[in-house]
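Take these sequences, add in the hints, and give me the full structure.
In the numbering used here, the protein residues as written are 1182 to 1538.
Accuracy of the hints is not assured; some may be wrong.
[Claimed, not checked] Keeping only pairs whose Cα atoms sit at most 25 Å apart, straight-line, the calculated DSS-like set for lysine-lysine is:
1. K1348 / K1503
2. K1191 / K1469
3. K1493 / K1524
4. K1348 / K1333
5. K1421 / K1469
6. K1497 / K1512
[Said to hold, decoys possible] Using C-beta positions, here's what the derived DEER-type ranges look like:
7. F1269 / S1293: 17 to 23 Å
8. G1192 / A1398: 39 to 45 Å
9. A1246 / L1298: 45 to 51 Å
10. L1266 / S1290: 14 to 20 Å
11. I1400 / F1535: 54 to 60 Å
12. D1250 / R1349: 32 to 38 Å
13. A1246 / K1478: 43 to 49 Å
The set of hints was computed from the structure by calculation and includes no laboratory data. From the three backbone atoms N, C-alpha and C, an ideal C-beta is built for every residue, glycine too.
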Amino acid sequence: MENAYSLWEKGTSGSHHVWGKVELERRGAAAVSIFTHEKYPILNKLGNMIGIKHLDQQIRLLAHATDYDILYAPYSLSNTKFLILLKFLGLYRKPILITLHQPFFGMNSPYSLVRWLTRKILLRYDGILFLSEKLMENTLRTLKISDTESLKKIDAAQWGPDTEFYKRLNNHEQPQSGYFISAGHTARDYETLIEAFRNLDYPLKIFCTPKSLPNTADIPSNVSINSKFIPYFELLNFYKDSRAILIPLTYPERLKGCQGMTSLQDVVALGKPTIITKNSSINLDAEKEGFGITVEKGDVEGWVAAVKILAKDTEKSRQMGKQALKVYREKFNSERFADKLEKAILRISATYKFGQK
1182 MENAYSLWEK GTSGSHHVWG KVELERRGAA AVSIFTHEKY PILNKLGNMI
1232 GIKHLDQQIR LLAHATDYDI LYAPYSLSNT KFLILLKFLG LYRKPILITL
1282 HQPFFGMNSP YSLVRWLTRK ILLRYDGILF LSEKLMENTL RTLKISDTES
1332 LKKIDAAQWG PDTEFYKRLN NHEQPQSGYF ISAGHTARDY ETLIEAFRNL
1382 DYPLKIFCTP KSLPNTADIP SNVSINSKFI PYFELLNFYK DSRAILIPLT
1432 YPERLKGCQG MTSLQDVVAL GKPTIITKNS SINLDAEKEG FGITVEKGDV
1482 EGWVAAVKIL AKDTEKSRQM GKQALKVYRE KFNSERFADK LEKAILRISA
1532 TYKFGQK
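Put into C-alpha cells, the structure is as follows:
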C-alpha cells in the first residue's frame, strides 16, 4: 500500500490501487493511515513456515492498537489470518473491515464441519464488502448466513477505477488497426489465447510475469510475450495504443471469484472494447453492458471468432469503446466504491460508538 500510494502521489497510478483511502479522506468522514508493510522480515519468514503471511505486520499492529479505531484490510484473510484467530479467541477486540474478492477460506469444502468453522471465522469480521454480488449471494447461501445481525455487516461494493487519473489518457481517437493486448498474471489462460492467434493474422502483445508465462512451445510470429517487470504507467501506453484488451481466464470452479476484474478496470477507464472469458461472479457482464464479447473457458474457436468480429467491424469496435467509457462514468468507478466503503465505516463507528463520550 505504501508503494501504491506513492505512485498515486506521483501521478503514475490511479487512487483505486489504494482501495478508497484517497476518496475517503476527500469526503472527510475518516482518516486513513497506511501501516508499514514490513519492518522485521524474519517474522514474515517465520509466518510463511506456519502458513500465516504478513505475520510481521499483524504482530506490530497489536502494539499500535491505540493508533486506530478500525483496521481496514482490502485483501481480507491474506494479512489478517493471525488477527482474526485472536479475535475468534476473544484476544483482539478492534473491529476489522475487509473486502472479499474470492471464495472465503474453506467456504466450498465438502465437509460441513469445515463450512461451519468458516462461517464462524468470517462473521468475526465487523464489516464484509464483497466485490461481487454473485460471490456474496453464493457465500450467504453456502454458509447459511441469513440472520439479521450478520446481514447488517455484509454488503457488495463494486471496486472501480479512479475517476480523475485516466482523463488525460482518453483525449485521442481509439486505434482501429494494429495490435491486440492482454496483460495480467492471476488465473490467466494465455495458452488458449495463443492457440487462437495461431489461426489469426493480427499481432498480439502479452504482458505477464515469470510465474504466469504461458506453457506453450512454438510461439507464433504474430505473438510477442514480455514477462519482465513493466511499470503500470508504461503499460498504460501499450493499452492506449491497442485496438482491444483481451482477458483470457482459467480457474477451478470452487475458486470462482472476481478473476479478471482488475483488467476490466483498464478496459472501462480507457474506453476499450474487450473480449473476456465468461465469469458470472464479476458484477460487470461486458457483453450485456455492450462493451465486449464473452467466450467460454478454453474455447479457441470462440476466441478466433470474437477477435475477427472486433477486427473487421470497426464501427462496432468503436461503439463498444464509447460504451465502456459510459459504464465507467455511470456505474464502475472509485467514487461508487467509496460510497459503500464509507457507509460500512460509519456503521462500524456507530456500533462501537467512536467519537462519543
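Hint check:
1. K1348 / K1503: holds (14 Å)
2. K1191 / K1469: violated (36 Å)
3. K1493 / K1524: Violated: K1493 and K1524 sit about 46 Å apart, past 25 Å.
4. K1348 / K1333: Roughly 37 Å separates the two Cα atoms, so the pair is violated.
5. K1421 / K1469: holds (23 Å)
6. K1497 / K1512: Holds: K1497 and K1512 sit about 22 Å apart, inside 25 Å.
7. F1269 / S1293: 17 to 23 Å: Holds, at about 19 Å.
8. G1192 / A1398: 39 to 45 Å: holds (41 Å)
9. A1246 / L1298: 45 to 51 Å: violated (26 Å)
10. L1266 / S1290: 14 to 20 Å: Because 18 Å falls inside the window, the suggested range holds.
11. I1400 / F1535: 54 to 60 Å: holds (56 Å)
12. D1250 / R1349: 32 to 38 Å: Holds, at about 36 Å.
13. A1246 / K1478: 43 to 49 Å: holds (45 Å)
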